[in-house]
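Novice: As you go down the protein sequences, you meet chains L and F in turn. Quick note: the numbering used here has the first sequence finishing at residue 112, numbered continuously throughout. Quick note: the numbering used here has the second sequence finishing at residue 112, numbered continuously throughout.
Calculated from the structure, these hints are not laboratory results. One or more of the hints may lead you astray.
Listed next, the stretches of chain L that the computed footprint assigns to chain F, with coverage defined by at least 3 CB atoms under 8 Å from CB atoms of chain F [unchecked claim]: (1) 38 to 45; (2) 102 to 110.
Straight-line Cα separation of at most 30 Å, DSS-like style, residue types lysine-lysine; simulated pairs [said to hold, decoys possible]: (3) L/Lys99 <-> F/Lys65; (4) F/Lys7 <-> L/Lys99; (5) L/Lys51 <-> L/Lys70; (6) L/Lys99 <-> L/Lys51; (7) L/Lys70 <-> L/Lys99; (8) F/Lys7 <-> F/Lys65.
Given the structure is predicted, the values throughout are model-derived calculations rather than measurements. All C-beta atoms in this analysis are idealised placements derived from N, C-alpha and C, irrespective of residue type, glycine included.
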Amino acid sequence: GQQLNQSPQSMFIQEGEDVSMNCTSSSIFNTWLWYKQDPGEGPVLLIALYKAGELTSNGRLTAQFGITRKDSFLNISASIPSDVGIYFCAGQLIQGAQKLVFGQGTRLTINP
Amino acid sequence: SAVISQKPSRDICQRGTSLTIQCQVDSQVTMMFWYRQQPGQSLTLIATANQGSEATYESGFVIDKFPISRPNLTFSTLTVSNMSPEDSSIYLCSVGGNQPQHFGDGTRLSIL
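Work out the full structure: start from the sequences and follow the hints.
Specialist: If you want it as structure tokens, here you go:
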């Protein structure tokens, strides 16, 4: 089945540093989504990307839909303690069906 | 976005028993989905819950093990049948349609 390769698996950074994570696939996706999951909660949508080349920001977060439609990245600038959590990318293959394939997740830890 | 409520939030069950998880949405939604998140892992789609008809299951998941109901556009249930310790996971409901998928907080299930 389709797989998304998300990297890195974990990150340990200092507060205030910038963060970058990415997802790649051998399949072409028509939508890329980025979620954050805190302990004991469900994933929360951060950014949705719908067009190849699209660059979208949400506060300190910026994500891009790769030109080839096979990859996406998420950047977090000036990290703060509440950014701690697990970040997941998700790709939607078929428009309308909304079936999502998830990456393995990136666990972000921040040292104050 | 729609507010999603899952019940129970957590449970501890004996092997061989079955548990039904409920997902209630505060507005009518076109699409509802059920995911499994095994400990420390990413999310895997179990099935798409179709209103008024049988659910559409993903490879590796079968109706006998995970029967799903969706009697209307705001409610769905997932039953985990004949549970074994390998079924210990977080089970998540999500909703979609005209917007990206949003998730409930999940049901944390442990089987002894």
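Novice: Now, for every hint given, state plainly whether the structure supports it.
Specialist: Evaluation of the provided hints:
A count of 6 residues in the stretch 38 to 45 of chain L with a Cβ less than 8 Å from any Cβ of chain F is obtained; the coverage claim is therefore met, three being the minimum. With 4 residues bearing a CB less than 8 Å from a CB of chain F, the stretch 102 to 110 of chain L meets the requirement of three and the coverage assertion stands. Of the pairs offered as hints, the one joining lysine 99 of chain L and lysine 65 of chain F holds, with about 21 Å between alpha carbons and a cut-off of 30 Å not exceeded. For the suggested pair lysine 7 of chain F and lysine 99 of chain L, the alpha carbons sit about 23 Å apart, so the restraint of at most 30 Å is met.
Between the alpha carbons of lysine 51 of chain L and lysine 70 of chain L the distance comes to roughly 12 Å, so the proposed pair stays at or under 30 Å and holds. For the hint linking lysine 99 of chain L to lysine 51 of chain L, the alpha-carbon distance of about 17 Å falls within 30 Å, and the restraint holds. A hinted pair counts as satisfied when its Cα atoms are at most 30 Å apart, and lysine 70 of chain L with lysine 99 of chain L qualifies at roughly 16 Å. As the CA atoms of lysine 7 of chain F and lysine 65 of chain F are separated by approximately 19 Å, the hinted pair is consistent with the 30 Å bound.
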